[in-house]
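Undergrad: Residue-level listing of the chains:
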Amino acid sequence: EPEVTQTPSHQVTQMGQEVILRCVPISNHLYFYWYRQILGQKVEFLVSFYNNEISEKSEIFDDQFSVERPDGSNFTLKIRSTKLEDSAMYFCASSEGINTEAFFGQGTRLTVV
Amino acid sequence: AQSVTQLGSHVSVSEGALVLLRCNYSSSVPPYLFWYVQYPNQGLQLLLKYTSAATLVKGINGFEAEFKKSETSFHLTKPSAHMSDAAEYFCAVSVSSASKIIFGSGTRLSIRP
Numbered sequence: 023e024p025e026v027t028q029t030p031s032h033q034v035t036q037m038g039q040e041v042i043l044r045c046v047p048i049s050n051h052l053y054f055y056w057y058r059q060i061l062g063q064k065v066e067f068l069v070s071f072y073n074n075e076i077s078e079k080s081e082i083f084d085d086q087f088s089v090e091r092p093d094g095s096n097f098t099l100k101i102r103s104t105k106l107e108d109s110a111m112y113f114c115a116s117s118e119g120i121n122t123e124a125f126f127g128q129g130t131r132l133t134v135v
Numbered sequence: 729a730q731s732v733t734q735l736g737s738h739v740s741v742s743e744g745a746l747v748l749l750r751c752n753y754s755s756s757v758p759p760y761l762f763w764y765v766q767y768p769n770q771g772l773q774l775l776l777k778y779t780s781a782a783t784l785v786k787g788i789n790g791f792e793a794e795f796k797k798s799e800t801s802f803h804l805t806k807p808s809a810h811m812s813d814a815a816e817y818f819c820a821v822s823v824s825s826a827s828k829i830i831f832g833s834g835t836r837l838s839i840r841p
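Line order of the protein sequences matches chains A and B.
Note that the working numbering has the first sequence beginning at 23, numbered continuously upward.
Note that the working numbering has the second sequence beginning at 729, numbered continuously upward.
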């Protein structure tokens with residue numbers, strides 16, 4: 023069964039460092055998303071991506087964040103200068119279209135020290 | 729803007745008892761509604777979705793939900809709880825004009841032996 027895969031499963035980084043979280047969405051999906059979940063809290067929308075550009079973004083997704091689809095399969099989230107409060111589980115998701123269900127990866131746990 | 733409210737951050741039921749997890753939505757246009765489940769240290773898995781075809785929606789693992797427009801509700805039920813149902817459950821909403829799914833704050837379901 024097709025699935026969304028994320029790497030790495032766990033990333034530890036020092037405050038101020040850049041991190042890149044990687045995702046391989048399901049191959050025939052057109053919409054890609056990043057969400058985050060701070061420990062014990064709700065799942066928060068960060069950004070959606072369609073047709074090689076950002077479709078929507080939340081207020082969390084500030085200038086420190088960027089997304090890219092560098093090739094036909096990968097979808098990345100970059101945090102330029104990490105802060106302690108960026109520590110969270112980051113989920114990538116993809117969907118066939120608007121209003122269809124999103125399929126989620128297993129997440130990358132980012133720990134900023 | 730669309731949103732969902734989940735009533736009760738923690739619900740505890742006995743094994744074999746009815747499970748009822750409450751979700752109310754807010755949307756000025758017809759919504760698409762979802763229930764996702766998150767097992768410990770895992771990603772989000774779709775339980776079921778409402779896309780206006782039928783008001784009673786059946787999902788995986790014996791769960792179902794009923795869309796009630798008059799009550800703006802989409803409560804999740806299961807007739808008989810099993811120990812393996814212990815998890816975090818998230819109600820979510822999207823609308824046709826938005827390319828994102830918005831999650832509620834989640835309800836942690838515990839099952840007593």
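Please keep in mind that the hints were generated in silico from the structure rather than gathered at the bench.
No experiment lies behind these values; they were computed from the predicted model shown.
All C-beta atoms in this analysis are idealised placements derived from N, C-alpha and C, irrespective of residue type, glycine included.
Heads up, a few of these hints could be off.
Pulled from the structure, derived: some chain B residues nowhere near chain A, Cβ distances all over 12 Å [as the list claims (entries may be wrong)]:
1) Leu735
2) Leu772
3) Ser812
Some chain A residues near chain B, calculated using beta-carbon distances under 8 Å [what the hints assert, rightly or not]:
4) His32
5) Gln33
6) Tyr55
7) Phe67
8) Glu75
9) Ser77
10) Glu78
11) Ile82
12) Phe83
13) Phe87
14) Ser88
15) Arg91
16) Ile120
17) Ala124
Undergrad: Next, verify each hint and record whether it holds.
TA: Hint check:
Residue placement check: Leu735(B) keeps its beta carbon more than 12 Å from all beta carbons of chain A (closest about 14 Å). Chain A draws Leu772(B) into its interface by the beta-carbon criterion, the shortest separation being 4 Å against a cut-off of 12 Å. The claim that Ser812(B) lies off the interface holds: its Cβ sits roughly 19 Å from the closest Cβ of chain A, which is beyond the 12 Å cut-off. Interface hint at His32(A): violated, since its Cβ lies 11 Å from the closest Cβ of chain B, which is beyond the 8 Å cut-off.
Nearest Cβ of chain B to the Cβ of Gln33(A): about 15 Å, over the 8 Å cut. The hint is violated. Proximity of Tyr55(A) to chain B holds as hinted, the smallest CB-CB distance being about 7 Å (cut-off 8 Å). A hinted interface residue such as Phe67(A) counts as satisfied when its beta carbon comes closer than 8 Å to some beta carbon of chain B; here the least separation is about 5 Å, so the hint holds. Taken as an interface hint, Glu75(A) does not check out: its beta carbon lies about 11 Å from the nearest beta carbon of chain B, beyond 8 Å.
A hinted interface residue such as Ser77(A) counts as satisfied when its beta carbon comes closer than 8 Å to some beta carbon of chain B; here the least separation is about 4 Å, so the hint holds. Given the 8 Å rule on beta carbons, the hint for Glu78(A) holds: about 5 Å separates it from the nearest Cβ of chain B. The interface hint given for Ile82(A) is broken, as the beta carbon of that residue sits about 12 Å from the closest beta carbon of chain B, more than 8 Å. Interface hint status for Phe83(A): violated, as the beta-carbon distance to the closest one in chain B is roughly 11 Å, over 8 Å.
Look at Phe87(A): its Cβ only gets to about 15 Å from chain B, farther than 8 Å, so that hint breaks. Interface hint status for Ser88(A): violated, as the beta-carbon distance to the closest one in chain B is roughly 18 Å, over 8 Å. For Arg91(A), the interface hint is violated, since its Cβ never comes within 8 Å of a Cβ in chain B; the closest pair sits about 15 Å apart. The closest approach between the C-beta of Ile120(A) and any C-beta of chain B is roughly 5 Å, which is under the 8 Å cut-off, so the hint is satisfied.
Checking Ala124(A) against chain B: minimum C-beta separation of about 6 Å stays under 8 Å; hint holds.
Checked against the numbered hints given earlier, this structure breaks hints 2, 4, 5, 8, 11, 12, 13, 14, 15; the rest are met.
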